[in-house]
Structures are given as structure tokens and as C-alpha cells.
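Visitor: First to last, the sequence lines map onto chains X and A.
In case it helps, my numbering puts the first sequence at residues 18 to 475.
In case it helps, my numbering puts the second sequence at residues 18 to 475.
Please keep in mind that the hints were generated in silico from the structure rather than gathered at the bench.
Computed from a predicted model, the values in this text were never measured in an experiment.
Positions of the beta carbon are idealized from the N, C-alpha and C atoms, including for glycine.
One or more hints might be untrue.
[What the hints assert, rightly or not] No farther apart than 30 Å at their CA atoms in a straight line, the calculated lysine-lysine pairs in the DSSO-like style are these:
#1 A:Lys58 with X:Lys398
#2 A:Lys408 with A:Lys471
#3 X:Lys408 with X:Lys472
#4 A:Lys398 with A:Lys472
#5 X:Lys398 with A:Lys398
#6 A:Lys398 with X:Lys93
#7 A:Lys166 with A:Lys58
#8 X:Lys398 with A:Lys166
#9 X:Lys471 with A:Lys58
#10 A:Lys472 with X:Lys93
#11 A:Lys472 with A:Lys408
#12 X:Lys58 with X:Lys93
#13 A:Lys93 with A:Lys58
#14 X:Lys471 with X:Lys408
#15 X:Lys472 with X:Lys398
#16 A:Lys398 with A:Lys471
#17 X:Lys58 with X:Lys166
#18 A:Lys398 with X:Lys166
#19 X:Lys93 with A:Lys471
#20 X:Lys471 with X:Lys398
#21 A:Lys93 with X:Lys472
[Claimed, not checked] Covered stretches of chain A, going by a simulated chain X footprint (3 or more residues, C-beta under 8 Å):
#22 167–173
#23 326–339
#24 403–413
#25 422–428
There are 2 protein chains.
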Amino acid sequence: MQVPSHSSFTAVIIGGNGAGLSAASKIKRLRPSARVLVFEKGPHVSYANCGIPFWLAGDVPQNNLILLSPETLQQKRGIDVFPRHEVIAIDRRAGAVQVRHCETLREFEVAYDRLLIATGARPRLPDWAIAEAENVFTLRDLQSGQALKQALSGSLNRIAVLGGGYLGLEMAMVFRRRGLETVVLEQAARILPGFHEAISTHVQAYLERQGVTVITGLQPGEPRYQGPRLQSVRLSPEGRNIQADGFFMATGIVPNVELAQTAGLQLGSSGAIAVDDTLRTSDPRIFAAGDCIEVRHRMTGEPVWLPFGPAANKQGRIAGANMAGERQRYAGALGTSAVTIGELEVARTGLTLPEAQRRFNPVEHVFVQSQDIAGYMPGEKQATVVLIFRKRDGRLLGAEMAGFHGIGKRIDVLATALQAGLDVRQLAELDLSYTPTIAPVWDPILIAANAAVKKLSV
Amino acid sequence: MQVPSHSSFTAVIIGGNGAGLSAASKIKRLRPSARVLVFEKGPHVSYANCGIPFWLAGDVPQNNLILLSPETLQQKRGIDVFPRHEVIAIDRRAGAVQVRHCETLREFEVAYDRLLIATGARPRLPDWAIAEAENVFTLRDLQSGQALKQALSGSLNRIAVLGGGYLGLEMAMVFRRRGLETVVLEQAARILPGFHEAISTHVQAYLERQGVTVITGLQPGEPRYQGPRLQSVRLSPEGRNIQADGFFMATGIVPNVELAQTAGLQLGSSGAIAVDDTLRTSDPRIFAAGDCIEVRHRMTGEPVWLPFGPAANKQGRIAGANMAGERQRYAGALGTSAVTIGELEVARTGLTLPEAQRRFNPVEHVFVQSQDIAGYMPGEKQATVVLIFRKRDGRLLGAEMAGFHGIGKRIDVLATALQAGLDVRQLAELDLSYTPTIAPVWDPILIAANAAVKKLSV
Numbered sequence: 018m019q020v021p022s023h024s025s026f027t028a029v030i031i032g033g034n035g036a037g038l039s040a041a042s043k044i045k046r047l048r049p050s051a052r053v054l055v056f057e058k059g060p061h062v063s064y065a066n067c068g069i070p071f072w073l074a075g076d077v078p079q080n081n082l083i084l085l086s087p088e089t090l091q092q093k094r095g096i097d098v099f100p101r102h103e104v105i106a107i108d109r110r111a112g113a114v115q116v117r118h119c120e121t122l123r124e125f126e127v128a129y130d131r132l133l134i135a136t137g138a139r140p141r142l143p144d145w146a147i148a149e150a151e152n153v154f155t156l157r158d159l160q161s162g163q164a165l166k167q168a169l170s171g172s173l174n175r176i177a178v179l180g181g182g183y184l185g186l187e188m189a190m191v192f193r194r195r196g197l198e199t200v201v202l203e204q205a206a207r208i209l210p211g212f213h214e215a216i217s218t219h220v221q222a223y224l225e226r227q228g229v230t231v232i233t234g235l236q237p238g239e240p241r242y243q244g245p246r247l248q249s250v251r252l253s254p255e256g257r258n259i260q261a262d263g264f265f266m267a268t269g270i271v272p273n274v275e276l277a278q279t280a281g282l283q284l285g286s287s288g289a290i291a292v293d294d295t296l297r298t299s300d301p302r303i304f305a306a307g308d309c310i311e312v313r314h315r316m317t318g319e320p321v322w323l324p325f326g327p328a329a330n331k332q333g334r335i336a337g338a339n340m341a342g343e344r345q346r347y348a349g350a351l352g353t354s355a356v357t358i359g360e361l362e363v364a365r366t367g368l369t370l371p372e373a374q375r376r377f378n379p380v381e382h383v384f385v386q387s388q389d390i391a392g393y394m395p396g397e398k399q400a401t402v403v404l405i406f407r408k409r410d411g412r413l414l415g416a417e418m419a420g421f422h423g424i425g426k427r428i429d430v431l432a433t434a435l436q437a438g439l440d441v442r443q444l445a446e447l448d449l450s451y452t453p454t455i456a457p458v459w460d461p462i463l464i465a466a467n468a469a470v471k472k473l474s475v
Numbered sequence: 018m019q020v021p022s023h024s025s026f027t028a029v030i031i032g033g034n035g036a037g038l039s040a041a042s043k044i045k046r047l048r049p050s051a052r053v054l055v056f057e058k059g060p061h062v063s064y065a066n067c068g069i070p071f072w073l074a075g076d077v078p079q080n081n082l083i084l085l086s087p088e089t090l091q092q093k094r095g096i097d098v099f100p101r102h103e104v105i106a107i108d109r110r111a112g113a114v115q116v117r118h119c120e121t122l123r124e125f126e127v128a129y130d131r132l133l134i135a136t137g138a139r140p141r142l143p144d145w146a147i148a149e150a151e152n153v154f155t156l157r158d159l160q161s162g163q164a165l166k167q168a169l170s171g172s173l174n175r176i177a178v179l180g181g182g183y184l185g186l187e188m189a190m191v192f193r194r195r196g197l198e199t200v201v202l203e204q205a206a207r208i209l210p211g212f213h214e215a216i217s218t219h220v221q222a223y224l225e226r227q228g229v230t231v232i233t234g235l236q237p238g239e240p241r242y243q244g245p246r247l248q249s250v251r252l253s254p255e256g257r258n259i260q261a262d263g264f265f266m267a268t269g270i271v272p273n274v275e276l277a278q279t280a281g282l283q284l285g286s287s288g289a290i291a292v293d294d295t296l297r298t299s300d301p302r303i304f305a306a307g308d309c310i311e312v313r314h315r316m317t318g319e320p321v322w323l324p325f326g327p328a329a330n331k332q333g334r335i336a337g338a339n340m341a342g343e344r345q346r347y348a349g350a351l352g353t354s355a356v357t358i359g360e361l362e363v364a365r366t367g368l369t370l371p372e373a374q375r376r377f378n379p380v381e382h383v384f385v386q387s388q389d390i391a392g393y394m395p396g397e398k399q400a401t402v403v404l405i406f407r408k409r410d411g412r413l414l415g416a417e418m419a420g421f422h423g424i425g426k427r428i429d430v431l432a433t434a435l436q437a438g439l440d441v442r443q444l445a446e447l448d449l450s451y452t453p454t455i456a457p458v459w460d461p462i463l464i465a466a467n468a469a470v471k472k473l474s475v
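Required output: the full structure, derived from the provided sequences and hints.
Guide: Below, the structure written as C-alpha cells:
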């Protein structure tokens, strides 16, 4: 399909954060004469949503979280940004979107040559939760962050965090550092249920040392409200009531696909928007990028939903290039991710053990605990490393880590090994850097790889 | 060659640190009945020599640097360790070494079935320097560290560091932190002359901000002594005299090969002991490992001398396995290394730009400066990244970095990419971890890789 080359080429972008603005910037760089219009439902664009926990913790001033204002985006990049403007419908036949101003409710239509859907994701609450309750909090954008910030400056003394995943645990330590009595409720048998048990154990022990209460294996429900406030939830089957001043819901997110779905665009098996490897949807003039799409997993080729920031930014850039007439491919993702829980870093890449077993059986795994920097250095702590590999040939399939020094960048070593298709014998031969402040002579990766090689030769 | 299997199998090891003790431990693990004798010329064995700067800085107590005492090595591992025992000759025909006790000067002979030479390296001083001068210091072992420690508790006010490589710069910041007026003299045009200029500039700017004076491009010589003390050196051709209370010589190291050479063992083109990939010397009963040997560079296949700790430990383990009758191969090294200079991490892997040009011309390179963690986080600083790659196909050939967060483990990502033979397009597709405390959304590696891809397509 030929991209119109006249100067009135218009790209419309739905969503004014990572993916959307990366695409917008790329389009303007490649086609300076293009009109690029970005519609964002919320009041803010271009903010660092991963930075919100650090703002709530008091580490970062709010102003720092706004990366680029609409004015700067217009003046420096020639992008027209419309906050508080919701795209309520896509008329694919006409090649136009229906936009509504969120305050005046005025509606208007904008024609596009190319459209990008970058609508992101939103928190998923349990059925019994009333999102509007004044002491029920979520965290996804600056607005939800502001509500929490206000509550934290008020009379919040005890908070229950529902969900023991990345966000729940990250925020549990933020609450703890703010002096709150903090209890984490995870209905699975352990926190971080997607990780190997050794990682969950490491993290739970750390949280408990920091004074966070962790309750697992019980399902919260049967809320008791008093007026607009949630007072307690009941844990089943045990029956205990958990009372708190505030309830932080970190019970997962769902992709915002309704607009695409109503427009008749194809969704994938994960429920997120289906795209090809140029990030084009089932409509050739419409692209999608970021937390609302599913992508190909690099290990399995299967479609998966992996809503992480770097991927969203990379996808936005590629989608923008393709909207501008280039042909770039998105290589897919490994699901590499990391979180900092207080001072503890947790990270993973590739397949989990159950995913690997489903696809590459028979599968082996090892977990080791070892020093994260030289043993004689102050601040030396234990790192936990999990390697998951194919039994037949030792090919690495996944890796997980928890520790205090260099965990995120160590997982990147293993993400690189995964992309290159290395096996654990090759891992054991890696020539890794060493100096006492950053690693022991035998890096935890090498210790784990040696353990894996031993297991292979049994 | 058949390894004798009777219980009187004797392995003799010359050198009681990383390589030697790794080998000794491996032999005892594989052949518990073997006699393993370790002769060490110095008074200490099994100490963390890379930790000495941190002891001198006051970060680490001296006791922590001793990893295993001779008693522990005997009791826990069954290894017989003899400190202050110098091996003065190898009688290859008889299969025996001549040993001299360094205090009593008593000499005796010990027969071996297998011998390991792990004699390490020693500082190389300029011709004009008198090592015995009481205010001329080196740093290689605990003894030289003790001399420095004593001087630092005395009346040292101003120190000149000769040599702007890893050790010189690491120690310059130790001296600075101890409150000394510190001047670094590097006779090459810039400090870290083996690195790309962008790295040298980054590091020099940091040192100067910390109050270290850096003088480059002038050759120190014409020492002036007063009694046993060096008072000044003269910089030529400029003629300026540099006076100091102490002179720290970080002017390089040389492998300890004299014993091997006298015994008629083959040396390599680098001047270090030549070994095959099982770490066997030109005598089939004699192995060598650690800083005294040359190894195969994984990028070029050429023999190189890369005296770094992790390689020495790995080589020791492999040599030990082979001495015990296994057949393990050492895969060679990439020259991955790192140093911490004050709070600044510097690291490299693979070929330098001149090495790459000599071997893989035409060669391209890029250097970028970018945030090392999310830009809004406290403590965010600039990282410098250099990528060196082949013009024809973008294959990565080498990488260098300087920065304050995660540099050492980021270089490991590139060491992994080098081992796997990735090109810069593949680097740009890496799925790396992200969370604001450990990386920006676009990791410096990806920013550099994107710049490299752009350069390729020009």
C-alpha cells in the first residue's frame, strides 16, 4: 500500500504516552510535513508512570515525572497533542475517528491517513471491589497516583495491598517506607506466583525483615463498607477479617481493546489487539503498539501479552516508522522485566518453568544462592539465580533472579544469551567482568551455569 | 598419557592464590586420595588481592582479605600448603621440584606426578626507579599492601601515581579519599590509553572533579633521591619537577616466567608461558594457569596475555581437572575487565579499536552518552558507551563503558553478545530489563546499538 506523499498526510494517534509519543516523534522525524495529532483521554501526556512509586515514596518530585509538555511537543517536535480528548469511535470506512472533549463533551471528527491505537492497559479489580470507594486505590497514571499521594499525606495508618506481583510488592515497600503498617494479600500459594519458588521465598523473607506482613493462599472477598469507605475484606476459606484504612488493588491489568474491538479489528488469543510484525492491525491503515497489543514471544513464536515499558517505546517507534512509509519489523519480546522492591531487585527473562515444560519438555532447572559482590566487601548480600534449560541439549529457556546488586543488568546477560540461543555450557564459558564492588570472581551467573552443566551430565 | 591411579599420586602446585588453589581444590575433589602440595613464596596464601585497595581505603578490614588459612585448606580440603617456600628449580627429567624455605634457606626436593605453574605476575618498574626506596610503593600482594597501609597512617601528604591504567586510577581515588594531594602521571597522550578517547575523557573529568591532578603526555624520569627517599621526578620533554612524599608505581605488570623458562618450557609470543587449550605446557606433565600464561583470544584466535582474576580462577579449575585425569578445554578469553575508580565504573570487553582495525578492517565505531538510570531518579548520571563493529556486516568486535550504575554488568551483556557473534542490529533488538532504579526505558546499550545501526546503513 502506497503511503500518500502530499503534505496533508495526517497521522492520528490514540494515547499520549510511551508508545503513542514514540510513534508521533518518529513520524515527524521521517516526514516533517506530516500532521501528527495525538489524542489523550487523561489530563497528562508524556509522563513517567514507572516513576510514580518513587514520587509517592518521596524520592522524586512530581514535576520530574512530566517528561515533555504539550507545548514542548508542539514547539520542539511539531506534534499536536490534545489532552482530555477521548477517541470514542473509529470509522474505518471513512478513515476518521470520533473525538470527544472530556470536559465540554463537544464531539468532532478527524480524518486520518494512518491511525495508531496506543490505548495501553488499565487495572483489573476483583468483582467485589468498588473502584469508587474513597479508600480503594489503584496505580496506573498520574491521576491515580495523585489520589494515593493525597491519602498518604492524610491519616492512612494501615494499608492492605491486594496482589503480590510486581506492582503490589513495589508499592508495599513504598507504604512501609512511609511508615504504614502494611499487609500483602496474595491469593496464590506464594507471592510472585509466576516465578520459581526460590525467588518468592527470597522476596518474602526480605519483605518480612522490613516489617511487611505477607499472607498467601487465601482469597479476599466479602467486603464490608461503611459509607464510601471499605473497612475490611474476609479471607476465605480461613475466615479472618483484614481491616485497613486503605486498600491498594494490584490485582492485575487488562489491555484497553474496546475501541479496537468495536471497530471490528481482530483481537488475539490473549485478548489484546492482534498485529503483524510491522505492528499493523487487521486494517492495513491502522497500527497498534504498547500495552494494548499482543506480540510474538521470541522463544516460542506464540502470541503473548507482555505489557512492559521498553517494548511499548520500541513498538511505538517501529509503528511510527511504518506509518510514515518505512517497513520495519518488530522482532518480538522475551518478557524481560525487573522491579525494585525496597532495595531488593527482582528480574526475569524468557520462559517460566511451567511455560518451558509445556513447550520444550523435558526441561531441567537449577537454583543457586551466591554472593552478589565480593564476599569481603561491605554490603555483600545473597543473590538467588534460577536457570531453566532444555534437558536434551542444555539450551537456556528462561532465567530469574533476586538480589541487591546488579540483578537487572545480570538478567540482561541472560536475555542476550536467550536471544542468541546459547546453552548452559556456553553460559559457563562466558568471560564476565569482575571487580570487588560489582561482582565476585565467580559471578552468580557462572555459578548457576556450572550447576546446570553438572545437572546435564548426570 | 595415563594418569597414575595409585593413591600416592602427587600434584605439586607453585603459587598459592587464585589459579593455584582453584586447581588444588579441584584435584582433591576429583581424586580425594591424591597428595596435593602447594608452595607459595610469600607469607600469605588465598587472599583477595583485588580487595587490597578497599582495605587501604578503609572499607574492608584486613582479616576479611584472607579467604582461607593454610589450616583450613588442610582440614577442610586436604591440601598441604607451604607459605614462604619458593620453588627454585624444576627438574623435568626427574619429575621433581627444588624447594627453598625463604627464612631457613633449607632446600629440599619434591617429586611430582603432575606439576602446575601458577606463579602469577609482578609489577614492572621503570628502569630509573629503585624499588627499595622507602617511599616508592607498588601493589601486588598483601606485603606490598602492608607497606602502603603503614605509609598511609604516617606523614604522607602528597603522592604521585605513575601510570594511568586500571590500578593507577583505582589507587589515585583511594589516596584522594584518604585526603592526600594526588597527582597522576601518564606518559601516553591520555589516561586509559587502551580505551577509546571518549572513555579517557569521561574518567579524567571525573578524577579532576574529585580533586585529582592528571598530567598526560610527559615522561617521568631523572629521579632525585635524598638518602633512601625519592624526592622528585622530572617530566620530559617539558622539564617540570614533580615532588611528592610518596610515589606509587602502577606502570604495568610482567608475568613470572623465569622458573618455566629456565626449565626449558616454551614461552609464547606475548612472553608469557605457552599452553594448549587443556592448559598443558610444552611438557605433558606440567600445566600452567593464571597471570603467568597466555591464552587464546576468542575473537581472533591469537595468543594474548590477559591477566584477570576470573580467568585465573577458571583456568586453575580446568588445569586441576586435567591434572586429575579429566580432559577439559579452556575456551579462551575476551579480555572482559572492569575497575571502580572512586564511584565511577569503567569496563571493557573484546577488541580495542586499533586491535579491531588490525584484524577486521574496515571497522566502524560509535560512542554515545546517555542516562544510566531513569532521568528523573536521584543520582542519575551520564554513561559513556563505545561500540566497535565490522563495517561489512555490523558484527560486534568490542565495547567499552564508563558510568556510575550497572556498567560492569552492562559490559557483560556485550561480552555475551561477542561470544555469541551478534551484530549491532541484533543488539538493537535485545529485550533488556527496565525499572527506573536500574535503567532508563532505552538502555544505553540500545541507544548505542541504534546509533551503530544508523552508521551501518549510511
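Visitor: Does the alpha-carbon distance linking A:Lys398 and X:Lys93 stay inside the 30 Å limit?
Guide: Judged against 30 Å, a Cα distance of about 24 Å means the pair holds.
Visitor: Hint check: A:Lys398 vs A:Lys472, CA-CA at most 30 Å. Holds or violated?
Guide: holds, 26 Å
Visitor: Starting from A:Lys93, check that the Cα of A:Lys58 is at most 30 Å away, please.
Guide: holds, 22 Å
Visitor: Holds or violated: are the alpha carbons of X:Lys93 and A:Lys471 at most 30 Å from each other?
Guide: holds, 22 Å
Visitor: Hinted pair, alpha-carbon criterion (30 Å max): A:Lys58, X:Lys398. Please report holds or violated.
Guide: Roughly 34 Å between the alpha carbons, so the hint for A:Lys58 and X:Lys398 is violated.
Visitor: Holds or violated: A:Lys166 with A:Lys58, Cα cutoff 30 Å?
Guide: holds, 21 Å
Visitor: Is A:Lys472 close enough to X:Lys93, meaning Cα to Cα at most 30 Å?
Guide: holds, 25 Å
Visitor: For the region 167–173 of chain A, do three or more residues have a beta carbon lying closer than 8 Å to a beta carbon of chain X?
Guide: The restraint on the region 167–173 of chain A is violated, since only 0 of its residues have a Cβ under 8 Å from chain X and three are required.
Visitor: Between X:Lys408 and X:Lys472, does the CA-CA distance stay at or below 30 Å?
Guide: holds, 9 Å
Visitor: Keeping to a limit of 30 Å between CA atoms, is the pair of X:Lys398 and A:Lys166 held or broken?
Guide: Satisfied, since the Cα-Cα distance of roughly 27 Å is no more than 30 Å.
Visitor: Does X:Lys58 pair with X:Lys93 here, judged by a C-alpha cut-off of 30 Å?
Guide: The hint holds at about 22 Å.
Visitor: Are X:Lys471 and X:Lys408 close enough, with their CA atoms no more than 30 Å apart?
Guide: holds, 12 Å
Checked against the numbered hints above, the structure violates hints 1, 9, 22 and 24; every other hint is satisfied.
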